[in-house]
Amino acid sequence: MKKFIQMLMVAIVATTGTTYAQYAQDAIRFGNTNYGSSARFKGMGNAQIGVGGDMSSLNGNPAGLGLFTRSEFSFTPEFNNATSKSDYLGQQGKGSDSKLNMNQAGVVWYNPTFKAKGQNTQKGVLSFVFGIGYSRNNDYTQSQSYSGNNDLTSMRDYFSELANGSMDVNGVIDDNTLQRLAYEQFLINYNVPNFPGYSAEPFIGSNMQSRNQTTAGSTSEVNFSGAINISNQLYIGASIGMVNVRYINDVEYTEKGILSAYNDIPTDPDFGFSPDKNYNFSYVSSQETHGSGINAKLGLIFRPVSSFRIGATYQTPTWLYMEDTFTENLFTTLDGVRQPNNIGPLSYPYNYNLKTPGKGSLGASYVIAGQAIISADVDFIDYAGTRLSQDGGGSLDNAIMDSNADIKKYYTSAVNYRVGGEYKINNLSLRAGYGLNGSPVKDDTNNTYGTKYYSGGLGYRFNEYYFDLAYQRVQSEDRVSPYALSDGAEPVASIKNANNNVFLTFGIRF
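No gaps in the numbering here: position 262 of the sequence shown is 262 in our numbering, and each next residue is one more.
It cannot be assumed that every hint is accurate.
[As the list claims (entries may be wrong)] No more than 30 Å apart at the CA atoms, straight line, and that leaves these computed lysine-lysine pairs for DSS-like:
1. 94 / 496
2. 355 / 408
3. 442 / 85
4. 99 / 496
5. 409 / 452
6. 115 / 94
7. 452 / 355
8. 94 / 452
9. 496 / 424
10. 355 / 94
11. 442 / 256
12. 85 / 355
13. 442 / 452
14. 496 / 442
15. 85 / 452
16. 408 / 99
17. 442 / 409
18. 452 / 99
Rather than coming from a laboratory, the hints here were simulated on the basis of the structure.
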């Protein structure tokens with residue numbers, strides 16, 4: 001199990017020579033969504049389910065729209081700075097990347113109901129509120145870089161395992177494969193009679209390995225939401241979300257060292273290492289995934305007394321249609337001579353359907369003396385319920401069956417927690433919050449693959465205008481490998497990721 005957990009979190013797509021191994025990991029990535037929110041709620045740790053009255057309700061708990069007493073428009077740009085620190089084979093590395101994005105924008109229309117003269121204006125349906133909003137729920141900006149000297153294994157070992165697992169009875173491997181590229185560039189050799197298969201020739205001393213990976217993209221939603229206010233006590237809301245996924249993952253792995261002379265007879269008798277030769281190769285890959293789909297949310301907020309609110313919301317599974325393209329290539333030099341590449345780049349375009357798990361959330365908030373508010377949320381998500389499929393069957397059938405089996409076997413349900421507070425001093429508000437997303441991986445008792453959120457912020461309101469500023473730090477850890485070997489001897493990099501995000505909301509009431 002520990003071995004699987006380690007390899008589960010690696011971007012296996014960068015080293016498998018096929019896109020098949022990526023699907024289980026991608027399915028969980030795209031299903032692990034956060035609630036988009038304004039800078040106000042970002043500063044409060046995004047603890048919003050039991051609060052309401054904010055543009056964030058369009059994407060979070062739609063019942064919160066029922067607490068609006070005026071129409072409103074706001075937008076929230078964000079600045080994302082992603083950093084990472086790695087430890088690989090005893091050497092430390094760093095990576096960084098920055099992006100400027102639009103996190104949220106929306107408009108809400110407040111519509112009070114008509115009350116005839118003599119009717120109780122505080123009972124029954126008091127208002128209808130409708131809104132349209134955009135929210136960026138997940139940001140995939142990240143940069144990871146690590147390198148080190150390896151005296152035990154090589155990525156060439158991985159190429160030879162691919163070749164031995166795919167060759168026919170005559171030792172022939174298909175042309176349009178990564179292992180064929182490695183063979184034609186003399187990174188692996190077909191040996192007879194000593195060893196009836198492919199092998200990576202020994203290297204002298206150690207080989208220098210380095211890997212750089214950058215990811216970009218997001219999961220975003222456009223929500224059409226509505227809510228009703230019943231007696232200023234019960235608020236009921238619903239929304240339809242149009243979901244968009246964009247994910248880009250670029251990888252470059254390089255390795256160099258000295259190859260020992262061949263000890264067996266090479267397939268090409270005109271080629272042999274005598275004497276030893278310097279080798280240097282670069283493996284590059286790029287994954288680009290686009291998806292679109294739909295989900296729905298139903299929520300309520302109950303206010304038994306004016307200072308206390310309880311909220312609940314359920315987000316249905318999201319049904320997505322995914323378009324995925326993965327390309328890879330290999331470039332090699334031996335003693336400074338560029339080796340032929342008559343096959344690459346290799347490209348694998350595939351389409352599939354993805355159903356991400358539903359999410360149930362509970363929240364509560366309490367107002368203290370009309371000057372402060374504390375709030376807390378909890379989410380429940382069953383990642384094992386994630387499912388992939390393909391319309392009408394197709395080339396991915398076996399891979400999808402295997403991915404669904406892996407998801408069910410190795411993933412589990414998780415609980416997310418959020419807590420936050422706000423304190424008002426006249427027109428100024430001070431905020432702070434914390435969040436913890438549980439790990440989706442079974443037996444991860446230390447929550448190694450969970451995510452922590454720290455945030456703070458402030459806001460200022462005057463007349464019909466308001467401005468909110470928030471800072472959020474997101475921390476997570478990975479244990480990844482540049483390639484996988486059947487005996488588990490591949491090297492492992494320990495990586496600590498940190499995203500430092502700044503959000504600024506501008507709003508107007510009308």
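Status of each hint after checking the structure:
1. 94 / 496: With a Cα-Cα distance of about 10 Å, the restraint between residue 94 and residue 496 holds, given a limit of 30 Å.
2. 355 / 408: This hinted pair holds, its Cα atoms lying about 13 Å apart.
3. 442 / 85: 25 Å, holds
4. 99 / 496: 19 Å, holds
5. 409 / 452: 25 Å, holds
6. 115 / 94: 64 Å, violated
7. 452 / 355: Holds. Residue 452 to residue 355 sits at ~26 Å (cutoff 30 Å).
8. 94 / 452: Roughly 20 Å separates the two Cα atoms, so the pair holds.
9. 496 / 424: 36 Å, violated
10. 355 / 94: Violated, because 35 Å separates the two Cα atoms, which is more than 30 Å.
11. 442 / 256: Outside the cut-off at roughly 37 Å; violated.
12. 85 / 355: Roughly 33 Å between the alpha carbons, so the hint for residue 85 and residue 355 is violated.
13. 442 / 452: Roughly 18 Å separates the two Cα atoms, so the pair holds.
14. 496 / 442: At roughly 21 Å apart (the allowed maximum being 30 Å), residue 442 and residue 496 satisfy the hint.
15. 85 / 452: Given pair residue 85, residue 452 holds - Cα atoms ~16 Å apart, limit 30 Å.
16. 408 / 99: Not OK: residue 408 and residue 99 at ~35 Å, beyond 30 Å, violated.
17. 442 / 409: Judged against 30 Å, a Cα distance of about 8 Å means the pair holds.
18. 452 / 99: Status holds; Cα separation ~21 Å.
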